[in-house]
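Asker: Sequence:
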Amino acid sequence: MADHDANSTPDGKKLRRPVEVVRAELLADKDVKEQARLLQLPVEAYVEKILDYALHPQKPPQIQIVPDEALKAQDPSIPTVAEIQTHLEKVISGEIVISPAQMRDGFSDDRTRERYQSALGTANDQQGTPVDPSTVQKKPPQS
1 MADHDANSTP
11 DGKKLRRPVE
21 VVRAELLADK
31 DVKEQARLLQ
41 LPVEAYVEKI
51 LDYALHPQKP
61 PQIQIVPDEA
71 LKAQDPSIPT
81 VAEIQTHLEK
91 VISGEIVISP
101 AQMRDGFSDD
111 RTRERYQSAL
121 GTANDQQGTP
131 VDPSTVQKKP
141 PQS
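Each residue of the sequence shown is one higher than the one before, counting from 1 in the working numbering.
Treat the hints with care, as some may be off.
To be verified - SDA-like cross-link-like pairs, simulated, lysine to any residue; straight-line CA separation at most 25 angstroms:
(1) LYS33 x VAL21
(2) LYS33 x ILE50
(3) LYS33 x HIS56
(4) LYS49 x ARG37
(5) LYS59 x PRO18
(6) LYS14 x ALA28
(7) LYS49 x LEU15
(8) LYS30 x ARG16
(9) LYS33 x TYR53
(10) LYS33 x LEU15
(11) LYS59 x ALA24
(12) LYS72 x LEU88
(13) LYS30 x ARG17
(14) LYS33 x VAL43
(15) LYS33 x GLU44
(16) LYS30 x GLU48
(17) LYS59 x GLU20
(18) LYS30 x GLN40
(19) LYS72 x GLU83
(20) LYS33 x GLU20
Simulated from the structure, these hints should not be mistaken for lab results.
Just need the whole structure built from these sequences, with the hints factored in.
Answerer: Right under this line is the structure:
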């Protein structure tokens, strides 16, 4: 068996510089820190993940892009890119309503007034609940 130094891996892949030096540089790099923050990972764990992939380039990625046909063969209920696009276009157009706040604002002439009103609620909803002034506690004036 061949001798392995600290930088070697089972498949013989080596970094050009010692792992400790690369690790220190990555830990100090502001971009690496920001990426770790965005991924909600501790910087140290993110750096170890980077080093692991650098030392083991043959390791499969955690995210794989699979063609729609292959996904449909595995599970017919998984939507294709085209199906997702169609769904999002229907959400954008208002054909699929996610919430009343997402409904058209009434300025578009392609939607009915009823749809606009349903987004606003009833006239009573807009006015709020009436309050009896005799039941309201007044705060003492601040000095």
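Asker: Within 25 angstroms, alpha carbon to alpha carbon, are LYS33 and HIS56?
Answerer: 22 angstroms, holds
Asker: Mind checking the alpha carbons of LYS30 and ARG16 for me, to see if they're no more than 25 angstroms apart?
Answerer: 22 angstroms, holds
Asker: Please verify whether LYS33 and VAL21 have alpha carbons no more than 25 angstroms apart.
Answerer: 17 angstroms, holds
Asker: Under the criterion that the straight-line Cα-Cα distance not exceed 25 angstroms, is the pair LYS49, ARG37 satisfied?
Answerer: At roughly 14 angstroms apart (the allowed maximum being 25 angstroms), ARG37 and LYS49 satisfy the hint.
Asker: Please verify whether LYS72 and LEU88 have alpha carbons no more than 25 angstroms apart.
Answerer: 20 angstroms, holds
Asker: Tell me if the straight-line CA distance from LYS59 to PRO18 falls inside 25 angstroms.
Answerer: Distance ~20 angstroms between LYS59 and PRO18 Cα, so the pair holds.
Asker: Please work out if LYS72 and GLU83 have their alpha carbons no farther apart than 25 angstroms.
Answerer: Within the cut-off at roughly 12 angstroms; holds.
Asker: Does GLU20 sit within 25 angstroms of LYS33, going by the straight-line distance between their CA atoms?
Answerer: 17 angstroms, holds
Asker: When you check the alpha-carbon spacing of LYS33 and TYR53, does it fall within 25 angstroms?
Answerer: 18 angstroms, holds
Asker: Please verify whether LYS14 and ALA28 have alpha carbons no more than 25 angstroms apart.
Answerer: Within the cut-off at roughly 22 angstroms; holds.
Asker: If you draw a straight line from the CA of LYS49 to the CA of LEU15, is it 25 angstroms or shorter?
Answerer: Roughly 15 angstroms between the alpha carbons, so the hint for LYS49 and LEU15 holds.
Asker: Keeping to a limit of 25 angstroms between CA atoms, is the pair of LYS33 and GLU44 held or broken?
Answerer: It holds: about 9 angstroms lies between the C-alpha atoms, which stays within 25 angstroms.
Checked against the numbered hints above, the structure violates none of them.
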